[in-house]
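Chain order of the listed sequences is B and D.
Read in order, the letters of the first sequence are residues 1 to 367 in full-length UniProt numbering.
Read in order, the letters of the second sequence are residues 1 to 367 in full-length UniProt numbering.
Calculated from the structure, these hints are not laboratory results.
There are no misleading hints in this set.
Mimicking BS3-like on lysine-lysine, the simulated pairs with C-alpha atoms at most 30 Å apart in a straight line are: (1) K47/B - K306/D; (2) K47/B - K163/D; (3) K306/B - K47/D; (4) K163/B - K163/D; (5) K47/D - K163/B; (6) K218/B - K47/D; (7) K233/D - K47/B.
Predicted model only: the values in this text are computed from it and were never measured.
Protein chains: 2
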Amino acid sequence: MTPRKATYSDEPTRVQQLIGEFLTGQSGTSVGADGLDVRLTAGADAKDDCAVYDLSSPMSLVVGSDYIRGPKFVLYEMGLLSGFDIGYYLAVANVSDIAAMGATPIGVLSVVRYPHEVDDAEFQEVIAGIHQGCTDCGTLNVGGDIGNAERIILSATAFGVCKPGSALMRSGARPGDLLCVTGPCGLLGAAVAYFPRRDTFEKGLSDEVERRLLDGWKRPRARVAEGRILGTKAYATACQDTSDGLKATIEQIMHASDVGFRVVEEDVPVEPAVGMVADLMGVESLALSMSASSDFQLAFTLEAGKLEKCRAEFALAGLDFHVIGEATDTGRAESVNHLGAVRPLPGVAWKHQKSDISLLATGRVEE
Amino acid sequence: MTPRKATYSDEPTRVQQLIGEFLTGQSGTSVGADGLDVRLTAGADAKDDCAVYDLSSPMSLVVGSDYIRGPKFVLYEMGLLSGFDIGYYLAVANVSDIAAMGATPIGVLSVVRYPHEVDDAEFQEVIAGIHQGCTDCGTLNVGGDIGNAERIILSATAFGVCKPGSALMRSGARPGDLLCVTGPCGLLGAAVAYFPRRDTFEKGLSDEVERRLLDGWKRPRARVAEGRILGTKAYATACQDTSDGLKATIEQIMHASDVGFRVVEEDVPVEPAVGMVADLMGVESLALSMSASSDFQLAFTLEAGKLEKCRAEFALAGLDFHVIGEATDTGRAESVNHLGAVRPLPGVAWKHQKSDISLLATGRVEE
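Please construct the entire structure, taking both the sequences and the accompanying hints into account.
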């Protein structure tokens, strides 16, 4: 194989030639939705100190920032994720927080810092990933900060708008509300659990299943359409994305809303690939599905009386969700199986540095 | 000396105990100005996915992100800047971009990542600096992202609002407009030029002058009040902060506006401490004042007919600015001295990795 000849441009060249193509023609774009009139009057193509939006009516603005590990992240270091994948993930991770508020994303600012040895092709790949992630979320990458550093650093900020007062908080769940989730969780956590241990299993998973496991990292989806339905029509009483894993998310909504939750174990959707990893590891697939992961599903609560109407509106948009339990007044997060046996929520909740999916395998699944 | 006993808390503890004190009671704060009704309905104290603002009338929203080098930054590595200083600088650097748009800052999101060996006291110092920087700029730190990484990483996003359509761009300067700056530039660049070479000078500068040189880094000021006057009353035709140094700023406004500039050399304010560093280095003080630096003055252009009214309004607020030249139709940035000699703008403009203040001393001051 002939090695690719690496080119390392200076930053002004990178900005103009490698990023420029992604950022032309932004200014003037309408980026609102749901009757909110929002126009990007100066995007990254305006090359000014800031991006500028004109907001023509009262609205709520939501803003959030997420840093991603990128390098030093095990799947990237193993060569399983590319620069494009990491850029894509960065954009979607940030937009997901906007979706969780029930808002429409109006833009993403990104910080991309890189060491000298990152050549132009690799740098452009990261930018292309950010760009595609924004596009797939229906929003714009409106600039930010690029420059050198002694390692790759990726961080971003997303912002969105919704009708005044309609932002979905974590704190609105009431006893009796239904607990719902837009889809199965745990895929990204299962990938992190599986790949570094792959050689220790007698027989690994098929290429197809391995691809599926990586797909959650490579092309995650922010639930923007789902969040918008939940927020615009005030269906959800509380909402949060599952980027800490389903168990942690349920516990966080529980604490913010001062309620309890009882999850019906058989109603929690389990992704088949997650089930296969659980089998290999000798752990419960429900526990792995609910453990630390970085999926971008939405977990939300719903007044029981609104279930049919909400489900119908999801269906109209080609979407669906799962009712997995209900809010209680116990102050505890627990699950019940078809035999009526009640236990604390299975799985290992994300607790910053402390969580480790391997705790599942050692039987130390409770904190 | 008894070494301080270091404490390293986990992240949830840091969030609750070390950051919590800075973030209580934010939600509900009114953060607008100039007749713009903006209320922070969910700040960092709401501990949700995002911060939420209610914007009650049409307005322009401006957003920008800046990463700062922090560690690997020479003055920090030399122990001349503390964690508090770096946090403070991060906040002000980001707010400065909002000021340059003539907008009122309504919040800052920050990303603070740290390695395990950063103890609680050091971590809290950085957060305290960010908090104080926001407070001194009249804005709020509404959260962001904290967590571990293998080194300290500091990044932030600031956002602000202004009357619809009143954001100050770089592109509005017209030939005949006056070129102005809110104060002397080059202090931060002079500090970077001086301290690493301090031991090579036969006699260094006095403690007082050294303190003054560091002061620009330790307690920079974003020109929020100045920007607001320039934007709200539409005095400025173009505006940019001088965070790349005065020469680069003038050249960037020139390119964005498609004009030229002629600077009157004797009218450019020079900070005495910068003059002393220039003398020590054997370079021209005007050149050092205009070279790569990270000051947060505002450079702006003004229709000549509005000069007196604008100056009067600045004076009412206890503020002032300097007229240092005018926009031309030559497409060149040049300066003229009292003898009528014309030359390209002195100094070394910031060009990402390529700029080095030492070029001044080698005589390679032109690109």
